[in-house]
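S.K.: With the hints as extra help, turn the sequences into a complete structure.
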Amino acid sequence: MKILLVEDDPSLRLLFQQKLTRYGYQVTSLESAEAAWELIQKDHFDLLILDWILPGMSGLELCRLLRERPNSEYLYIWVITARDAREDLLEVLAAGANDYLAKPIDMQLLEVRARIAEQQVHHLQERRKAENALAQYHLELEQRVLDRTEALSDTVQALQDEIQQRSTAEALLAQTRDQLRALASRLLSIQEDQQKRISREIHDELGQAMTALKLDLGWLAKNLPQEQTELHAKIQRMIPLVSDTILTIQRICAELRPGLLDDLGLVDALEWLVQEFGERTGIHTQFDVMPEDLDIPSDLATPLFRICQESLTNVMRHAEAQNVRILLEAQDSTLRLEIVDNGKGIPPDRIEHPSSLGLMGIRERLLSWNGEVRISGSPGQGTTIYVTVALEDPQ
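Going letter by letter, the sequence shown gives residues 1 to 395 in the UniProt record's numbering.
Please keep in mind that the hints were generated in silico from the structure rather than gathered at the bench.
Source: prediction; values computed, not measured.
Hints are not guaranteed to be accurate.
With a straight-line cut-off of 20 Å between C-alpha atoms, the simulated DMTMM-like cross-links for lysine to aspartate or glutamate are [to be verified]: (1) 129 with 111; (2) 19 with 31; (3) 103 with 9; (4) 129 with 46; (5) 2 with 46; (6) 344 with 320; (7) 19 with 118; (8) 2 with 38; (9) 2 with 43; (10) 103 with 73; (11) 103 with 230; (12) 2 with 111; (13) 19 with 111; (14) 214 with 230; (15) 42 with 31; (16) 19 with 46; (17) 234 with 216; (18) 129 with 364; (19) 103 with 216; (20) 103 with 88; (21) 129 with 244; (22) 19 with 8; (23) 2 with 118; (24) 129 with 73; (25) 19 with 106; (26) 234 with 244; (27) 2 with 73.
Taking CB as the label site, the calculated pair distances span [stated by the list, open to error]: (28) 233 with 83: 24 to 30 Å; (29) 133 with 381: 55 to 61 Å; (30) 64 with 226: 53 to 59 Å; (31) 313 with 41: 26 to 32 Å; (32) 67 with 381: 35 to 41 Å; (33) 166 with 102: 33 to 39 Å; (34) 69 with 11: 30 to 36 Å; (35) 42 with 115: 24 to 30 Å; (36) 69 with 208: 39 to 45 Å; (37) 348 with 295: 34 to 40 Å.
By construction, the Cβ of each residue, glycine as well, lies at the ideal position given by its N, Cα and C atoms.
M.R.: Structure (structure tokens):
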């Protein structure tokens with residue numbers, strides 16, 4: 001993975017470059033956003049790490065410029081910031097960043113975050129390849145049909161041949177759609193498996209190590225001689241830091257793959273997601289399910305959970321909402337999921353915009369179930385996402 005690091009602090013820039021290079025990445029480092037902008041016009045990078053505060057153009061300004069370029073959705077961007085206020089972090093995400101790193105940088109988690117970013121970059125690249133292949137296939141198919149039509153239009157037999165070829169082309173196109181549907185389902189399945197594995201490794205390895213470290217610090221605090229005041233003070237400062245790190249690890253693991261989804265099912269997992277989202281963002285979030293004992297097939301539970309997760313992420317990044325309501329309801333053989341917020345709304349021309357990756361992801365997750373998605377919204381009136389799925393075996 002090629003990484004472009006833009007950081008004006010020489011010592012931090014060198015430390016980042018050494019760490020990321022040690023992890024096996026190809027790293028180019030610069031000290032200004034202007035130099036980075038010029039280099040990006042000539043070279044391709046998979047991950048950009050931008051300091052918010054830079055001499056001249058800021059990292060956020062560069063992020064916004066990059067998101068205005070064609071195909072910018074395939075570029076993964078981190079922003080480094082010492083600001084930790086909620087409005088500051090929302091501004092980072094609103095500028096188009098995929099993630100942020102809080103200063104001081106926790107180098108123990110840097111590799112984990114980098115590996116997760118690498119997985120996301122890989123998924124973006126695979127999807128881009130699939131989209132390009134489909135577009136090229138459509139162009140070739142259209143050109144082939146035109147060529148055949150012109151060549152064989154002078155005789156009835158030629159017309160019959162052309163009709164047969166069109167029928168064949170339609171069958172091939174339908175087959176291609178089925179293959180793309182299967183590919184999308186497979187890619188999502190691989191992504192879920194990878195996130196589950198990464199979550200387990202983080203929990204089992206890093207989580208246990210941090211827990212052991214906390215216990216050792218407690219032991220040291222009890223057993224060090226009282227006259228070692230400086231060491232006692234240092235230990236007392238380290239204990240809450242380690243505790244916060246453990247909570248961060250638990251949150252990352254839960255976001256990668258909530259254990260409730262596997263252990264108790266979709267309804268309990270959504271109740272946890274709604275509670276965690278409300279506590280983290282301050283947005284009043286309500287979840288209703290009918291009937292209360294609703295049982296969702298496990299293969300469908302994961303895409304529905306991710307749809308809710310991605311929708312809440314969009315609310316946090318863009319909606320400026322105070323209230324969100326999620327309704328999960330089954331009637332006869334149809335499942336309905338409704339996500340409503342009272343935010344600033346989404347203009348109709350943005351709903352199908354290519355850069356609306358969150359909305360695209362919702363549709364992709366339902367391909368294998370032939371689910372239907374409808375999104376409505378208008379400025380100042382909030383946004384509503386409607387999802388309907390027939391409760392039967394996926395295609």
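S.K.: All the hints need checking, so say for each whether the structure fits it.
M.R.: Do the hints match the structure? See the list:
no.	hint	verdict
1	129 with 111	27 Å, violated
2	19 with 31	17 Å, holds
3	103 with 9	12 Å, holds
4	129 with 46	15 Å, holds
5	2 with 46	5 Å, holds
6	344 with 320	6 Å, holds
7	19 with 118	15 Å, holds
8	2 with 38	16 Å, holds
9	2 with 43	10 Å, holds
10	103 with 73	26 Å, violated
11	103 with 230	25 Å, violated
12	2 with 111	15 Å, holds
13	19 with 111	8 Å, holds
14	214 with 230	18 Å, holds
15	42 with 31	17 Å, holds
16	19 with 46	17 Å, holds
17	234 with 216	14 Å, holds
18	129 with 364	15 Å, holds
19	103 with 216	26 Å, violated
20	103 with 88	13 Å, holds
21	129 with 244	40 Å, violated
22	19 with 8	17 Å, holds
23	2 with 118	10 Å, holds
24	129 with 73	14 Å, holds
25	19 with 106	12 Å, holds
26	234 with 244	16 Å, holds
27	2 with 73	16 Å, holds
28	233 with 83: 24 to 30 Å	28 Å, holds
29	133 with 381: 55 to 61 Å	39 Å, violated
30	64 with 226: 53 to 59 Å	55 Å, holds
31	313 with 41: 26 to 32 Å	30 Å, holds
32	67 with 381: 35 to 41 Å	25 Å, violated
33	166 with 102: 33 to 39 Å	58 Å, violated
34	69 with 11: 30 to 36 Å	31 Å, holds
35	42 with 115: 24 to 30 Å	28 Å, holds
36	69 with 208: 39 to 45 Å	43 Å, holds
37	348 with 295: 34 to 40 Å	36 Å, holds
Hints 1, 10, 11, 19, 21, 29, 32, 33, counting from the list given before, are not met by this structure.
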